[in-house]
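Per my numbering, the very first residue in the sequence shown carries number 2; after that it's consecutive.
Treat the hints with caution; some may be incorrect.
What the hints assert, rightly or not - Restraint-style ranges between C-beta atoms, simulated for each label pair:
(1) ASN114 to THR195: 22 to 30 Å
(2) ARG662 to GLY721: 25 to 33 Å
(3) PRO43 to ALA709: 21 to 29 Å
(4) GLN656 to GLU66: 53 to 61 Å
(5) ARG596 to GLN656: 24 to 32 Å
(6) ASN114 to ALA391: 23 to 31 Å
(7) SER375 to ALA41: 33 to 41 Å
(8) TYR724 to VAL407: 13 to 21 Å
I should point out that these hints are in silico values taken from the structure, not numbers from a laboratory.
Glycine is no exception: its CB is placed at the ideal position from the N, C-alpha and C atoms.
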Amino acid sequence: MIDRNKNIITNVIAMFCLLLLTQTPARVQAAETALDTYVARPDANYSYNLYHTEQGTGYTAYFLEMTSQQWRSSNEVDRPIWTHDVMIVIPKIALESTHTAVLLVSGGSNSSNHPTSVDSAVGAAAVTTGAVLAVVSQIPNQPLYFTDEAGVGRKEDEILAYSLDKALDTGDPEWAVHLAMTKAAVRAMDTVQTFTASKGKTINDFLVIGGSKRGWTTWLTAAVDPRVKAIVPASIDLLNLGQQFVHHWEAYGFYAPALQDYVAFDLPCRMQTTEGQALLRVIDPYAYRERYTMPKLILNSAGDQFFVSDSSRFYYGALPGPKWLRYMPNTDHYQDEQVAINALSWMNDILNNDSSPQIGWTLDNDGALRVSPSIHPKQVRLWQASNPSARDFRLESIGSAWTSQVLTDAGDGTYVGRVQQPTTGWTAFFVEVTFPTAGVLEPDQVYTTEIQITPDTLPYAGTACSGSYHKALSHLESPQQGSFESGIGLIRGWACDAGSVEVQIDNGARQQVAYGSYRPDTAAVCGDTDNGFGYTFNWNNLGAGSHRLRSYVSGTEIADVNFQVTTLGVEYLQGVSGEYTLPNFPQTGKSVTVRWAEPHQNFVIVGSGQTQASTLQSVQATALAHLESPQQGSYESGIGLIRGWICDASSVEVQIDGGDRQRVAYGSNRPDTADICGDTNNGFGYTVNWNLFGNGLHHVQVYADGVAFADVNFQVTTLGVEYLQGVSGEYTLPNFPQTGKSVTLRWTEPNQNFRIVNYQ
Numbered sequence: 002m003i004d005r006n007k008n009i010i011t012n013v014i015a016m017f018c019l020l021l022l023t024q025t026p027a028r029v030q031a032a033e034t035a036l037d038t039y040v041a042r043p044d045a046n047y048s049y050n051l052y053h054t055e056q057g058t059g060y061t062a063y064f065l066e067m068t069s070q071q072w073r074s075s076n077e078v079d080r081p082i083w084t085h086d087v088m089i090v091i092p093k094i095a096l097e098s099t100h101t102a103v104l105l106v107s108g109g110s111n112s113s114n115h116p117t118s119v120d121s122a123v124g125a126a127a128v129t130t131g132a133v134l135a136v137v138s139q140i141p142n143q144p145l146y147f148t149d150e151a152g153v154g155r156k157e158d159e160i161l162a163y164s165l166d167k168a169l170d171t172g173d174p175e176w177a178v179h180l181a182m183t184k185a186a187v188r189a190m191d192t193v194q195t196f197t198a199s200k201g202k203t204i205n206d207f208l209v210i211g212g213s214k215r216g217w218t219t220w221l222t223a224a225v226d227p228r229v230k231a232i233v234p235a236s237i238d239l240l241n242l243g244q245q246f247v248h249h250w251e252a253y254g255f256y257a258p259a260l261q262d263y264v265a266f267d268l269p270c271r272m273q274t275t276e277g278q279a280l281l282r283v284i285d286p287y288a289y290r291e292r293y294t295m296p297k298l299i300l301n302s303a304g305d306q307f308f309v310s311d312s313s314r315f316y317y318g319a320l321p322g323p324k325w326l327r328y329m330p331n332t333d334h335y336q337d338e339q340v341a342i343n344a345l346s347w348m349n350d351i352l353n354n355d356s357s358p359q360i361g362w363t364l365d366n367d368g369a370l371r372v373s374p375s376i377h378p379k380q381v382r383l384w385q386a387s388n389p390s391a392r393d394f395r396l397e398s399i400g401s402a403w404t405s406q407v408l409t410d411a412g413d414g415t416y417v418g419r420v421q422q423p424t425t426g427w428t429a430f431f432v433e434v435t436f437p438t439a440g441v442l443e444p445d446q447v448y449t450t451e452i453q454i455t456p457d458t459l460p461y462a463g464t465a466c467s468g469s470y471h472k473a474l475s476h477l478e479s480p481q482q483g484s485f486e487s488g489i490g491l492i493r494g495w496a497c498d499a500g501s502v503e504v505q506i507d508n509g510a511r512q513q514v515a516y517g518s519y520r521p522d523t524a525a526v527c528g529d530t531d532n533g534f535g536y537t538f539n540w541n542n543l544g545a546g547s548h549r550l551r552s553y554v555s556g557t558e559i560a561d562v563n564f565q566v567t568t569l570g571v572e573y574l575q576g577v578s579g580e581y582t583l584p585n586f587p588q589t590g591k592s593v594t595v596r597w598a599e600p601h602q603n604f605v606i607v608g609s610g611q612t613q614a615s616t617l618q619s620v621q622a623t624a625l626a627h628l629e630s631p632q633q634g635s636y637e638s639g640i641g642l643i644r645g646w647i648c649d650a651s652s653v654e655v656q657i658d659g660g661d662r663q664r665v666a667y668g669s670n671r672p673d674t675a676d677i678c679g680d681t682n683n684g685f686g687y688t689v690n691w692n693l694f695g696n697g698l699h700h701v702q703v704y705a706d707g708v709a710f711a712d713v714n715f716q717v718t719t720l721g722v723e724y725l726q727g728v729s730g731e732y733t734l735p736n737f738p739q740t741g742k743s744v745t746l747r748w749t750e751p752n753q754n755f756r757i758v759n760y761q
């Protein structure tokens, strides 16, 4: 990288920034969607023609008019054939060489004259980097006059909102203009590749940049086209859109004026319906999150008038790496030049196939942000802003209220950002890390954590769209109201398309719950199957007595239950054993045998007369992963959990008895792994009904990122049915856990097993 080049690029980025952010209105593959189908469908209307050429110092700029497609018909809209200005700057000489082109997805009006000139700094940037620089405009084509609205010319959000309304009304997802916008960007890449090849320049892939609605297009283009090498979506903090709409209302108690084009069609609440969820699976970038394996630099504003400041909580953690994030304080939707200038060094790393420094962060139990830079930073700052009357940090609401202070190394290479919880209102905060660069003329690389808001409460929780959405599309299965819990248990359930799942026990801090386990029984409700959540918990830690648990999906409370915990007087009972036969269960004349299982801190059904198989294999493990249950040679029964922890995995899967691998929810809070992993969200859990597998010996393998790290055999005992209903039973087991003591077991149907309900 040549230091003197940076001042040239810095000049050009200001122009790009204006196009990107200040336009006022004027590869694991997911299942194929209507977006994939629409973009891939050939369209005979596609063409381009060169209308102007400009020679510059070391470069040539070409100006083309491109026809990308036909969207809808002339019976529906005045401009069904979409045309775009495409500017392509090709370096004739270059200080560096790359086969990656930079494509800026831009807006603009089809009523404007064709451009015929280019800023000389753009050409200089092409010469400096060796990269072809291209801009595609009029995405979407606008204004558009729809035939059922005589004389009404729509543009920008007005077009998007109208098209979503039509898609919902008709059931035709191709009404959503997002599909046409994406196809236009893909056709622009086709045009750039074909045209530059005719000029002797080979383009293999693209760095795609877009802001606001064009940022949305940037995400969707990356989802459907493998030529996208990296993306910079800006000012589009909306992934997981259905959840974002709910969160927006529950934070503000209203929809901000910036959303009024969408509110006019009742889209925030219509997106919570079955039809709305189906449409989101086509147009919401979050639906394609597993496809985003390319580098991503996400540029957001802390005061965006469209989005709630902590919107990234609903998607950032679910995005695969590599990824970088920056929130810009004291700005709104249009941000400012500096954010793009600082992004330039990252973009140059992409073009040069270099790596950029990164940051990781965790939220400590006391609410502090602990940040770990990958290299020694130039500066680390804690930014914070308070609003004493509302959970609202839009620039238009609080002004330039964000202030910062420098953080110092905590002594272990981490930096801790901590704020006081306000006596009234809310405080938002994040940590910003600036990394040094190679020379004085090279812009610094600046990244941030997500924005945290304390207290983490929503003043209008449960009131969005009558508060029914999350409860209708989620269910806490255990614990249940009035249930008895003991030993190592599982907080479990399912939720459709959740941005996050959290639990709160006895009014303590909310804890993140691993989400995304395979649950085929939810397909009819959710439209997909990766909806299970599970959180392993040692009930002994709570102590005997009544306790309360609240569960939250995407910040909205979906369940509030009270339950009883019975303990054996210690947090983890060791070195005891016991086996008992329980007569007349599950019916008169039958019996079951239960045995104390230390890993479960509970009794499990083992049948009678069964002996442990002699072909058991030894556990495989690594220093950074551990399967806690089942264990080698263990006995399992009822509703159980395959659980453990692993450091920094992208995916966790289980395979039972050689069947298909199934995705496991990963990311539960496990503070006991902090010393080993460097963070705490390392737990995984997979709810399983052992009854489905039948009596006898079974085998499970667990994989992290495709590599097996555990391989165990275990015994399953069933009661002859997949789910035993309508029975009850309570038994006192004498002399356990020691002579003179006793425990009482009670059958609990939700667990398909016995639970300790009394100890004396």
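Results for each hint:
| no. | hint | in the structure |
| --- | --- | --- |
| 1 | ASN114 to THR195: 22 to 30 Å | holds (25 Å) |
| 2 | ARG662 to GLY721: 25 to 33 Å | holds (29 Å) |
| 3 | PRO43 to ALA709: 21 to 29 Å | violated (43 Å) |
| 4 | GLN656 to GLU66: 53 to 61 Å | holds (54 Å) |
| 5 | ARG596 to GLN656: 24 to 32 Å | holds (27 Å) |
| 6 | ASN114 to ALA391: 23 to 31 Å | violated (45 Å) |
| 7 | SER375 to ALA41: 33 to 41 Å | holds (38 Å) |
| 8 | TYR724 to VAL407: 13 to 21 Å | violated (59 Å) |
Consistency with the previously given hints fails for numbers 3, 6 and 8, ordered from lowest to highest.
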